[in-house]
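> Work out the full structure, taking the sequences as your base and the hints as a guide.
Protein chains: 2
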Amino acid sequence: MTAVQGLDWIGADWGTSNLRVWALDAAGRVLVRAESEDGMGRLDRAGFEPALLRLVGGWLPAEGRTTVVACGMVGSRQGWVEAPYRAVPCTPFGRGPLARPETRDPRLSVHVIPGLRQDSPADVMRGEETQIAGYLVRNPGFDGVICLPGTHTKWALVSAGEVVAFQTFMTGEIFALLTRQSVLRHSTGGAGWDGPAFAEAVSEGLSRPERLAAALFALRAEALLHGLTPDRARARLSGLLIGSELAASRPFWLGQKVAVVGAERVAAAYAAALGQQALTVATAEVEPMTLAGLAAARSRIAEAIA
Amino acid sequence: MTAVQGLDWIGADWGTSNLRVWALDAAGRVLVRAESEDGMGRLDRAGFEPALLRLVGGWLPAEGRTTVVACGMVGSRQGWVEAPYRAVPCTPFGRGPLARPETRDPRLSVHVIPGLRQDSPADVMRGEETQIAGYLVRNPGFDGVICLPGTHTKWALVSAGEVVAFQTFMTGEIFALLTRQSVLRHSTGGAGWDGPAFAEAVSEGLSRPERLAAALFALRAEALLHGLTPDRARARLSGLLIGSELAASRPFWLGQKVAVVGAERVAAAYAAALGQQALTVATAEVEPMTLAGLAAARSRIAEAIA
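Same order as they appear, the protein sequences are chains V and U.
Taken in order, the first sequence gives residues 1 to 306; the numbers are from this note's numbering.
Taken in order, the second sequence gives residues 1001 to 1306; the numbers are from this note's numbering.
Calculated from the structure, these hints are not laboratory results.
A quick note: this is a predicted structure, and the numbers were derived from the prediction, not measured.
Cβ atoms here follow ideal geometry from the backbone N, Cα and C, with glycine treated the same way.
Among the hints, erroneous ones may be present.
So the derived label-pair ranges between C-beta atoms look like this [claimed, not checked]:
hint, chain 1, residue 1, chain 2, residue 2, range
1, U, Arg1185, V, Glu37, 16 to 24 Å
2, U, Gly1275, V, Thr283, 43 to 51 Å
3, U, Ser1036, V, Ala3, 55 to 63 Å
4, V, Pro121, U, Gly1189, 18 to 26 Å
5, V, Pro50, U, His1226, 32 to 40 Å
6, U, Gly1190, V, Arg45, 23 to 31 Å
7, U, Ala1046, V, Thr283, 49 to 57 Å
8, V, Glu37, U, Glu1285, 42 to 50 Å
9, U, Gly1041, V, Glu37, 23 to 31 Å
10, U, Gln1078, V, Arg180, 17 to 25 Å
Here is the structure:
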C-alpha cells in the first residue's frame, strides 16, 4: 500500500449502517473516496479503529499523525467515543474541542463532531448538523428551512446561523420496511416511477393524512382486483407517506424558503412534493454539503491547534 | 399412528404464515388440534397436500374419505386451489359448491371456502369471512360492526346477515415491523404494558392522526433524552397506531354496535380503545368463531351431498 500523495486530512461520515471516508487535500478536494458497511450498528467499541483502518490504512503516510474528522452515529453512546449532544437553539458546530477517541495506531488523530438535541419536543440528530453547517458555508446568510430526507428525514429551521428547532420523520425507514418486508412488497416491486401517481398521492396524504392507515392495504387490494401496476403502487405509496409527512411538518415549511439536501432521487421527490405547495425549493446533493461541513470543522481544529 | 377415535371431519385455518387444523367430532367438539408454520407463503402448489398430511395424516381412518374444510389464503391464486372471491354485499358464505383441490391421498376430501372482495374502495379478505360467519352463528341477528384485529385488521359492517362493506388496516404488521426492525426496536423492547400511556396515545392518535408521522421518532428521542421506558414506549406506539386506525375507520364504528373478534391481548387493546369512545363493545376469541364458521360450511357440504 502506498500513501495518497497530497493527503492533508480525512473526512468520515459514519452512520448506523455505513462508513464513508474521503481523502482530502489542503484545499478540500477529494483525492480518494471509499465506503464500507462497517456502520456503528455492527461494531463494538474496539471495532471502530480496525474498521477505519481497513479503508484508510493505505492512505496514511508513515510519519506524523493524519487528522480524521468524523460525524454521525460514531459519536453516540454506543459509538467509538461519546460526543455529547449540544442543545438547540445553537449553531450547527460549537466552539469547544471535539471528542477524541483513543487510537492505537500512531498515524491517526481522530475528532468526532457532536450531534444536536432538542428537549421539547424531544428530538436528536447526528450527522445532519454537519450537512447543515456545510449548506450554510455554501449559502452564507441562508434563513429558512433545510429538509434532509433519508432513512430518518430531518426538518431544521435555521435563522441567523443557528438551528432554532428541528423534527425527525421515519418516512424513509417506513417506506423501506413496507416495500421490502410487508405484504405490500408483492405490489410495489417496480423499479420505475409514475410521476402523476406520486403527485396525486402527495395531495391526498397532505389533505387527508388521517386516511393514511386506510390507504396502505388498498394498494395491495387495487393490485389484486384492478391491476394497479408496481411502478404506480410504489409511487403512490411514496406520495402518501411524503404527503402525510408534509401535513405533520407544515409548521416548518409553510411560508418558508426551503432547501432540500439529499440524495438525488429522494431530494427530487421531496422538491416535487413541496413544489406542489407553491413553494420555491432549492436542492443540494448530500456529499458536497457533508464535505463542506467536515472541512469547516477541520479548519476549527487547525485554528485551535495553531 | 392410530386414527383419531370419533373423528367426523377436519377444520383448517390456512393463512400466509401458519396452518392450524382441528380434528372434530360430529357435534363439532375439538378432539385434537395441531399447527405448523407451513403457511401458504412458503408452499408451492405441490406442497399443500404433504403439508396437510404432516399434521392430519395420523388422524385419518384407513377407510373412506374424511372431509377437510379450509379457509384462508389456501384459496388464493398462489394457494392450493383458487377459490374466487365473492363480491360484497353478500352473506359470508355462498350457496354454491366450494373449491376442490385434487388430492393424491384417497383418504382426503378437501373443500376450500372463498374469500370476499369489495370493488370500491378495493379490498379483499380470506379467512375473516369464516370468523364472521361463525360470529353470526353464535350471535344470530347481529347487526353492527365486527372488528377483527390481527396482522391486517378488518372492519366489517354487517346487516341482515350480509357483509355490506369492509376495510383493511395494516396496523398489526406495521406495529411488528416498527418494534422488531426499525430504530424503534431499541426503545420499545418491553414485555410489559402501560395502560394509561396506551389510553393517552389512543386519544392523541384519534384526535390528531396527522401527527402520527411526527410522533414515531419522538419515542426514540424521548427514550434517549428523557428516559421513556420500553413498556411505556411500546404501549404509546400501539396506542398511536390504533388511534390513527380508529380515526380512519370512524365511518365504520361511529354510533354502531361493535364486536371485536381477535386474540386475547390485541382484542382487549381494541376493546379498550373503543371503550374510550363511549362505545359498548363485545369481544370474542378467534378460535371458537373460526370453528363455528368452519362447522357451518361443513354442514352445507353435508346437505349438498345428502
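> It remains to establish, for every hint, whether it holds in the given structure.
Hints versus structure:
Checked against the hint of 16 to 24 Å, the C-beta distance between U:Arg1185 and V:Glu37 comes to roughly 19 Å, which is consistent with it. Range check, U:Gly1275 to V:Thr283: Cβ separation about 48 Å, and the 43 to 51 Å hint holds. Here the CB-CB span from U:Ser1036 to V:Ala3 is close to 60 Å, well matched to the stated 55 to 63 Å. A beta carbon spacing of about 22 Å between V:Pro121 and U:Gly1189 agrees with the range 18 to 26 Å that was offered as a hint.
Roughly 35 Å separates the CB atoms of V:Pro50 and U:His1226, a value that falls within the hinted 32 to 40 Å. Against the hinted window of 23 to 31 Å, the Cβ-Cβ separation of U:Gly1190 and V:Arg45 comes to about 26 Å, which satisfies the hint. Between U:Ala1046 and V:Thr283 the C-beta distance comes to about 52 Å, which sits within the given range of 49 to 57 Å. At about 45 Å, the CB distance of V:Glu37 to U:Glu1285 agrees with the hint of 42 to 50 Å.
Taken as a hint, the range 23 to 31 Å holds for the pair U:Gly1041 and V:Glu37, whose Cβ atoms sit roughly 28 Å apart. At about 19 Å, the beta-carbon gap between U:Gln1078 and V:Arg180 stays in the expected band of 17 to 25 Å.
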